Amino acid sequence: MIKISVCDDSPVYLEKLRDKITGIMENCRVRCSVSVFPSGKEFLKQHGETPFDVIFLDIKMPDMDGFKVAEKLREISENTVIIFVTTEDAMVYDSFSFQPFDFIPKIPPSKLNPKEGEDFISARIEKTVKRLLHRLLAIEKIGIDLPYNEQVYIPVRNILFLKTVGNYVEYTVKEKEPIKVRRKLDEAMNELDPNLFVRLHKSYGANMDYIKKIDFSQLTAVLKDGSLVTISRSRKKEVEAAYIEYLRHFGG
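If you read the sequence shown in numbering that gives the first Met the number 0, its first letter stands for residue 0, the second for the next number, and so on.
Hints in this document: simulated from the structure, not taken from any laboratory.
Fair warning: this is a prediction, and the values are worked out from it, not measured in the lab.
Cβ coordinates follow ideal geometry from the N, Cα and C atoms, glycine included.
There may be inaccurate statements among the hints.
[Unchecked claim] Below, simulated EDC-like cross-link-like pairs (lysine to aspartate or glutamate); rule was C-alpha separation at most 16 Å, straight line:
1. Lys179 to Asp208
2. Lys140 to Asp192
3. Lys40 to Asp8
4. Lys175 to Asp224
5. Lys19 to Glu125
6. Lys173 to Asp208
[Unchecked claim] What follows is a list of derived Cβ distance ranges for each label pair:
7. Glu190 to Val11: 36 to 42 Å
8. Thr49 to Asp18: 21 to 27 Å
9. Asp118 to Pro10: 19 to 25 Å
10. Phe215 to Ser96: 44 to 50 Å
Use the sequences and the hints to build the structure in full.
So this is what it looks like as structure tokens:
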């Protein structure tokens, strides 16, 4: 569950941003909670009790502006992702010390009419949220049980592909030796996010970040190391749907 907060003194913008973020996450099949705060003080109080993973933070607010909130936030949390919301592009340069992930404009370029302006901001929010999701998935880790009650934690993004080897599943991991664990591939795949991983055939699953291209007419996937993997005919529709969703959300 990704915990997201939106902090803005405009009730209308709070609701719009919350609804937009929630809709994108639902469309990406990612569980999240989105909390709204009309002031920085209220956000910081709640964050101190139950920390948030992400904050969409308005820069210009009365009492405590977004930069002050970010300063206080960074004193207690280095890992919370900050996305500034602003009406003034010039203020962006003053925010770099807080290591923001991105910026979302409240006002579209002046050359756009109201409808185009609304579409412009909506598209910008969607692009930012999908980039955010990509980052959060990249730092997520899973634990893999090894013999003798040992466990290793691996960033999900570093798992390139999985394959069945006898009664074992072998994880091929970026810049590490393969990890072989006695288990079923079904179990291993169920632990991985379907936004990133797809089952190509009964004995093989792949990180779609590691797929260079797929030829559905030939039922083959070319991985970034040049290797060729067959897609089982029974899984063609499932793989195609998963890969199209991946490209739609993360491919650009």
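A quick look at each hint next to the structure:
1. Using a Cα cut-off of 16 Å, the hinted pair Lys179 and Asp208 is violated, with the two alpha carbons roughly 22 Å apart.
2. Distance hint between Lys140 and Asp192 is fulfilled; the C-alpha atoms sit about 11 Å from each other, no more than 16 Å.
3. Of the supplied pair hints, the one linking Lys40 and Asp8 holds, its CA atoms being roughly 11 Å apart against a limit of 16 Å.
4. Restraint check: the Cα-Cα separation between Lys175 and Asp224 comes to about 15 Å, which is no more than 16 Å; the hinted pair holds.
5. As the CA atoms of Lys19 and Glu125 are separated by approximately 8 Å, the hinted pair is consistent with the 16 Å bound.
6. The hinted pair formed by Lys173 and Asp208 meets the criterion: a straight-line CA distance of about 12 Å does not exceed 16 Å.
7. About 41 Å separates the C-beta atoms of Glu190 and Val11, a value consistent with the hinted range of 36 to 42 Å.
8. A hinted range of 21 to 27 Å holds for the C-beta pair Thr49 and Asp18, which are about 22 Å apart.
9. For the hinted restraint 19 to 25 Å between Asp118 and Pro10, the CB-CB distance of approximately 22 Å keeps it satisfied.
10. Between Phe215 and Ser96 the C-beta distance comes to about 48 Å, which sits within the given range of 44 to 50 Å.
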